[in-house]
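Protein sequences appear in the order of chains A and B.
Mapping of the first sequence onto our numbering: position 221 corresponds to residue 221, and the numbering continues sequentially without gaps.
Mapping of the second sequence onto our numbering: position 257 corresponds to residue 257, and the numbering continues sequentially without gaps.
There could be a bad hint or two in this list.
For chains that are exact copies, the list does not tell them apart, and a pair is met inside one copy or across any two.
To be verified - Straight-line Cα separation of at most 20 Å, PhoX-like style, residue types lysine-lysine; simulated pairs:
#1 K6 to K29
#2 K239 to K341
#3 K166 to K367
#4 K239 to K273
#5 K273 to K323
#6 K184 to K119
#7 K367 to K29
None of these hints come from the bench; they were simulated from the model.
Listed below, chain by chain, are the residues.
2 protein chains.
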Amino acid sequence: MDNMYKDLSLPNRILLGPGPSNVPDRVMKALSSPVVGHLDPAFLAVMEEVQEMLRSVFMTANQFTIPVSGTGSAGMEAALVNIIEEGDNVLVCVNGVFGERMCDIVERCGGILRRIDTKWGTSIDPEQVLKVLEEFPADIVTIVHAETSTGVLQPLEEISKITHEKDALLVVDAVTSLGGAPLKIDEWEIDVCYSGTQKCLSCPPGLAPVTFSPRAVEKLEKRSQKVQSWYLDMTMIRKYWGSDRVYHHTAPISMIYALRESLRIVLEEGLVKRWERHQKLHRNLVAGLGNLGLKMLVDEKFRTPMLNSVIIPSGADDVLIRKRLLDEYNTEIGSGLGPLKGKIWRIGLMGHSCTQKNVDYILSALKSLLSQ
Amino acid sequence: MDNMYKDLSLPNRILLGPGPSNVPDRVMKALSSPVVGHLDPAFLAVMEEVQEMLRSVFMTANQFTIPVSGTGSAGMEAALVNIIEEGDNVLVCVNGVFGERMCDIVERCGGILRRIDTKWGTSIDPEQVLKVLEEFPADIVTIVHAETSTGVLQPLEEISKITHEKDALLVVDAVTSLGGAPLKIDEWEIDVCYSGTQKCLSCPPGLAPVTFSPRAVEKLEKRSQKVQSWYLDMTMIRKYWGSDRVYHHTAPISMIYALRESLRIVLEEGLVKRWERHQKLHRNLVAGLGNLGLKMLVDEKFRTPMLNSVIIPSGADDVLIRKRLLDEYNTEIGSGLGPLKGKIWRIGLMGHSCTQKNVDYILSALKSLLSQ
Numbered sequence: 001m002d003n004m005y006k007d008l009s010l011p012n013r014i015l016l017g018p019g020p021s022n023v024p025d026r027v028m029k030a031l032s033s034p035v036v037g038h039l040d041p042a043f044l045a046v047m048e049e050v051q052e053m054l055r056s057v058f059m060t061a062n063q064f065t066i067p068v069s070g071t072g073s074a075g076m077e078a079a080l081v082n083i084i085e086e087g088d089n090v091l092v093c094v095n096g097v098f099g100e101r102m103c104d105i106v107e108r109c110g111g112i113l114r115r116i117d118t119k120w121g122t123s124i125d126p127e128q129v130l131k132v133l134e135e136f137p138a139d140i141v142t143i144v145h146a147e148t149s150t151g152v153l154q155p156l157e158e159i160s161k162i163t164h165e166k167d168a169l170l171v172v173d174a175v176t177s178l179g180g181a182p183l184k185i186d187e188w189e190i191d192v193c194y195s196g197t198q199k200c201l202s203c204p205p206g207l208a209p210v211t212f213s214p215r216a217v218e219k220l221e222k223r224s225q226k227v228q229s230w231y232l233d234m235t236m237i238r239k240y241w242g243s244d245r246v247y248h249h250t251a252p253i254s255m256i257y258a259l260r261e262s263l264r265i266v267l268e269e270g271l272v273k274r275w276e277r278h279q280k281l282h283r284n285l286v287a288g289l290g291n292l293g294l295k296m297l298v299d300e301k302f303r304t305p306m307l308n309s310v311i312i313p314s315g316a317d318d319v320l321i322r323k324r325l326l327d328e329y330n331t332e333i334g335s336g337l338g339p340l341k342g343k344i345w346r347i348g349l350m351g352h353s354c355t356q357k358n359v360d361y362i363l364s365a366l367k368s369l370l371s372q
Numbered sequence: 001m002d003n004m005y006k007d008l009s010l011p012n013r014i015l016l017g018p019g020p021s022n023v024p025d026r027v028m029k030a031l032s033s034p035v036v037g038h039l040d041p042a043f044l045a046v047m048e049e050v051q052e053m054l055r056s057v058f059m060t061a062n063q064f065t066i067p068v069s070g071t072g073s074a075g076m077e078a079a080l081v082n083i084i085e086e087g088d089n090v091l092v093c094v095n096g097v098f099g100e101r102m103c104d105i106v107e108r109c110g111g112i113l114r115r116i117d118t119k120w121g122t123s124i125d126p127e128q129v130l131k132v133l134e135e136f137p138a139d140i141v142t143i144v145h146a147e148t149s150t151g152v153l154q155p156l157e158e159i160s161k162i163t164h165e166k167d168a169l170l171v172v173d174a175v176t177s178l179g180g181a182p183l184k185i186d187e188w189e190i191d192v193c194y195s196g197t198q199k200c201l202s203c204p205p206g207l208a209p210v211t212f213s214p215r216a217v218e219k220l221e222k223r224s225q226k227v228q229s230w231y232l233d234m235t236m237i238r239k240y241w242g243s244d245r246v247y248h249h250t251a252p253i254s255m256i257y258a259l260r261e262s263l264r265i266v267l268e269e270g271l272v273k274r275w276e277r278h279q280k281l282h283r284n285l286v287a288g289l290g291n292l293g294l295k296m297l298v299d300e301k302f303r304t305p306m307l308n309s310v311i312i313p314s315g316a317d318d319v320l321i322r323k324r325l326l327d328e329y330n331t332e333i334g335s336g337l338g339p340l341k342g343k344i345w346r347i348g349l350m351g352h353s354c355t356q357k358n359v360d361y362i363l364s365a366l367k368s369l370l371s372q
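If we strip away everything but chain A, and leave its shape as in the complex, we get (with noise of 0.2 Å):
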């Protein structure tokens, strides 16, 4: 049995599809930092720093602001479970993936589902929304901010009041906006916001940073039933990060070393430089990808920075491009998903992968290889 199994051994890859992002070698020291115990005082600061600079990243004031023991698919279920109640009335804005999925666990919680679909590649439109909550008297809109699927990017403050002047609260998926563009959890009135930590945090996947509002924590203690899940029920975690120090589960002490050193070096560039930087480079990607004859998916007004959708070329082979990328090139990017796959590319520039450096690379790369 000893000798059937070698020594791990993993390419460095330059990571420039929907996430992972590349990992800074600090976040790596500090994720292999000596583990101690979930009670250790040692610990219980960590866990603290880490929930003030959750609060910074996010612009938040919100008390109960933590990284949930699971990835960013994780948050999306934590903030879903415990926000709605069997019976509530949700309404879920689709126009990718992420929206999707939150169909479905709306419908596992026992919410009564309402969906306004769009175009995947476009933004959802804020006066369908309030079309529909003018005869759909939802308790809660989900919204997703940066599609992963498709590389839209949804202005959310016009939805934000229209969902508060309807008396619901709105439920916002981060994942892959989080550190890489603007998102104002307090100035925009965001209730239950989730993201992860492998994409403009660069940090590894693992742990899915949420936030509640003071509302968002009120409709929690009224709730009449339980969480369904017993792993993500908040009402019990916010007793484990809070003051109370109650004992819930282990947390993932390594993953959370690893998560305070990915927002120390996020809060050092400071969030208003970072965004910038995304949205440069991203700029600088696109003009590349022009010169190179390829075309966007998504209008320019709805483009994530950090996400880039470009259309496969007719006559270029999906599949061998992103192996000859991967084997010849080393570098990783993304394939279209559902309807999409076969269709676009997903180009990432997240985080530590965001730069300049790396536009120029795959830009060279795309040119040669599309050349042959």
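Following the hints, position chain B against chain A.
Chain B alone, transformed into the frame defined by chain A:
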């Protein structure tokens, strides 16, 4: 903002609590290997190897054997919410915190709960299981192999036989026992088993190895309702870890690297030798505690080797002694939980923490602290 948070600095604790245990350098090195995409062929190879090695460590041929993307508690929830459908009869054996938690989850997923309660610190009597099953037609029986809250190691073979004679499926919590005491999934005919990484596998917390027997998979496949948790829906996750590779969620890549290395270390040592090491050092610890005049909570016959519950002698200050162990000896042991709070200490000898040196060190520390 950039000066508010310092470089991460954690103490190198000797971890002799209920978990996490100390993590070998080799595992730390694997943990910080370069992150690649979760669909990268290099990562798919790692996933394959982790599944193979998990089967070896679980002593099973079960095809469906994977690490769940959450901590041990996520493993418990994954096991229960998948195997239980609304209206199923579930018998839960309770003799500690983790049996209690299973009851909570059973009710959250609509199971009809029947409990067997035994005094904390004692084991479940197979005769009692038989008696209850004769009047309660259970679909599922659940039991904890090594109760981390008490230190009881539950014999499973007789209960497994009874469970199957009554046509029920057996779910076993092996969070603390896997890799530290005999656990033979196929030989003992366990249908669903889950564990954690941070106990006798000596990997950081964050993953929950689970295994489902063909019988359990059949029940999964026959479900008439969707699993209530999307994130832990094994009917979908099977397709991601299986040959289909259907995208579900981004796996916690770095943690899976670490698990791979920790499993490799377990298999290099060999399961039998590893169990013997835990058993031998447990005996040495108990003998040493006896020399200090300390008594164990659990009868000799039912003691877990990796988690030793010792009765706090009258006059000793529980909290102060644990604080001094941490501050002066850099060593963590666990407190009692629930009705055992203030009454026992829980001394873990798990995986990499299970050494003669650690046994000697904690005995000498306790000798010194108790004599003051």
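Results of checking the hints against the structure:
no., hint, in the structure
1, K6 to K29, "between (23 Å within a copy, 14 Å between copies)"
2, K239 to K341, "between (43 Å within a copy, 19 Å between copies)"
3, K166 to K367, "neither (50 Å within a copy, 67 Å between copies)"
4, K239 to K273, "neither (35 Å within a copy, 41 Å between copies)"
5, K273 to K323, "neither (34 Å within a copy, 44 Å between copies)"
6, K184 to K119, "neither (26 Å within a copy, 52 Å between copies)"
7, K367 to K29, "neither (36 Å within a copy, 37 Å between copies)"
In terms of the numbered hints stated before, the structure departs from hints 3, 4, 5, 6 and 7, listed from lowest to highest.
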